[in-house]
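Take the given structure of chain A and dock chain B to it, following the hints.
Protein chains: 2
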Amino acid sequence: MFDSGLGGLTVVRALRSALPDEDIVYLGDTARVPYGTKGPETVIRYALGCSRHLVARGVKAIVIACNTVSAVAPDHVRAALDVPVLGVIDPGARAAVAATSSGRVGILATAGTIASGAYPRAVATQSTRVEAIGQAAPLLVPLAEEGWLEGDVPRLAVERYLAPLADAGVDVVVLGCTHYPLFRDLIEREAQRMISPNVRIVDSARATADDVVAFLNDRGLRADPRPTGGSIRVCVTDRSGQFHAIASRFLGEAIEAPELVDL
Amino acid sequence: MFDSGLGGLTVVRALRSALPDEDIVYLGDTARVPYGTKGPETVIRYALGCSRHLVARGVKAIVIACNTVSAVAPDHVRAALDVPVLGVIDPGARAAVAATSSGRVGILATAGTIASGAYPRAVATQSTRVEAIGQAAPLLVPLAEEGWLEGDVPRLAVERYLAPLADAGVDVVVLGCTHYPLFRDLIEREAQRMISPNVRIVDSARATADDVVAFLNDRGLRADPRPTGGSIRVCVTDRSGQFHAIASRFLGEAIEAPELVDL
Chain A
40 MFDSGLGGLT VVRALRSALP DEDIVYLGDT ARVPYGTKGP ETVIRYALGC
90 SRHLVARGVK AIVIACNTVS AVAPDHVRAA LDVPVLGVID PGARAAVAAT
140 SSGRVGILAT AGTIASGAYP RAVATQSTRV EAIGQAAPLL VPLAEEGWLE
190 GDVPRLAVER YLAPLADAGV DVVVLGCTHY PLFRDLIERE AQRMISPNVR
240 IVDSARATAD DVVAFLNDRG LRADPRPTGG SIRVCVTDRS GQFHAIASRF
290 LGEAIEAPEL VDL
Chain B
40 MFDSGLGGLT VVRALRSALP DEDIVYLGDT ARVPYGTKGP ETVIRYALGC
90 SRHLVARGVK AIVIACNTVS AVAPDHVRAA LDVPVLGVID PGARAAVAAT
140 SSGRVGILAT AGTIASGAYP RAVATQSTRV EAIGQAAPLL VPLAEEGWLE
190 GDVPRLAVER YLAPLADAGV DVVVLGCTHY PLFRDLIERE AQRMISPNVR
240 IVDSARATAD DVVAFLNDRG LRADPRPTGG SIRVCVTDRS GQFHAIASRF
290 LGEAIEAPEL VDL
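These protein sequence lines map, in sequence, to chains A and B.
The opening position of the first sequence corresponds to residue 40 in the working numbering, with each subsequent residue numbered one higher.
The opening position of the second sequence corresponds to residue 40 in the working numbering, with each subsequent residue numbered one higher.
Pulled out of the complex, with its shape left as it was, chain A reads as follows:
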């Protein structure tokens, strides 16, 4: 699995829970984070670099944990490297389509993901009667990395980002960035107040884990059960002082010191 930074550890967390026997190599491109504010050529170039590194480590499949990368790069990675590639957008779109009654789903994501139009396309392949309304919510990324998860600043930011979705009449809000699950309670509370008490929040991490389970079962690639379970190896491209605080906040379990790699 790779991600622009450490946010994808929320997907590792879901994957560990669904697939406890798999060995997971996680590569966080912390030297070049964030990707969400950057253009597609740059994101594709970085995604290829990360994927080559993982293939060289002998992985059997690559999960792109980053929504921004999943929005623009999977086909390029599949074309360049002979490895199965799974992203987070199709599972998120599928879960959103399953959850909506009104046929209007809101997508909170980075500027790059929204600009790509990947969620509306993924929703359209699931159902012609569901419309996806995108809203870039870029400040939630630095707020999550700073640990400003509660209080007036994140609440006002969430309120500002939800307002256009409330106006558009959505009944589902997709957390379309791996950082946003850290604001899940806040987003749910504000969405219930601003949109409807019955609004549904979709976190694509769990839907992605289900997708990976199905993929490994289909291909007969599941690891055999082991008493100790699978391992997690975390690699980063920049070893900043905040790694442990951020990593444990996202992963929800203690973690070994990361390995530094140069792409």
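Keep in mind that the hints were calculated from the coordinates and are not lab data.
Just so you know, these numbers come straight off a predicted model, no measurement behind them.
Positions of the beta carbon are idealized from the N, C-alpha and C atoms, including for glycine.
A few of these clues could be false.
Unchecked claim - Here are some, though not all, of the chain A residues that point toward chain B, as calculated from beta-carbon distances under 8 Å:
1) Ala70
2) Arg71
3) Glu189
4) Val192
5) Ala196
6) Arg223
Structure of chain B alone, referenced to chain A:
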């Protein structure tokens, strides 16, 4: 001149005003922005890449417009490349020492700049009777890039960042990141309320421009006056859709399309 992104265009603006006849090549490493959250090894590696690119273009001197880079990389760039290098921290520290009466100056900067201890060191070389108190203010960078310059969110963030400086009894606040001048009025207003009506705000961009003038005069490197003035050439490593909005916000004048370079 180079910077981690486009924030350094505030320094270009000051430099253009002080040195209208110089040709300026500005390299914004927008593909890897921000540097402020990253560790020193990564920042030094990126600074060397940017500097090599500028040297290959035949510049007579390099101005590091980024505080984070100026905090950790100038000596490494000077050692690796035979080119004069000027940073933004020494000028900012000098201006702060000149402005303080209480002998306590506050520094708002990125996490990387604060962790480096570069401002306290630079202040100490200017005066043994002045103490620098650092406060990381990382959220101001994404707020500036999103254009959230007014309203409750930036006000509450500024209030939170100024509180420890108010407690420490500073009478000067240094804007130790190229993005922060965009919040100058807000920071000044809040600092006057929280610290003292006589608090002084120091923006290192102007002090840096004065330093570059003195350096070029000393070396006899000033460009001859030209009726049309000098040129600005802006290069970026990622061409995101927001370039023009951000660039004109920081530079204060219209600008040609940037050249895309691959480092």
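Now for the hints, and whether the structure bears them out:
1. Ala70: 5 Å, holds
2. Arg71: 5 Å, holds
3. Glu189: 13 Å, violated
4. Val192: 5 Å, holds
5. Ala196: 6 Å, holds
6. Arg223: With a closest approach of 20 Å, the Arg223 (chain A) hint is violated.
The structure is inconsistent with the numbered hints 3 and 6, although it conforms to all the rest.
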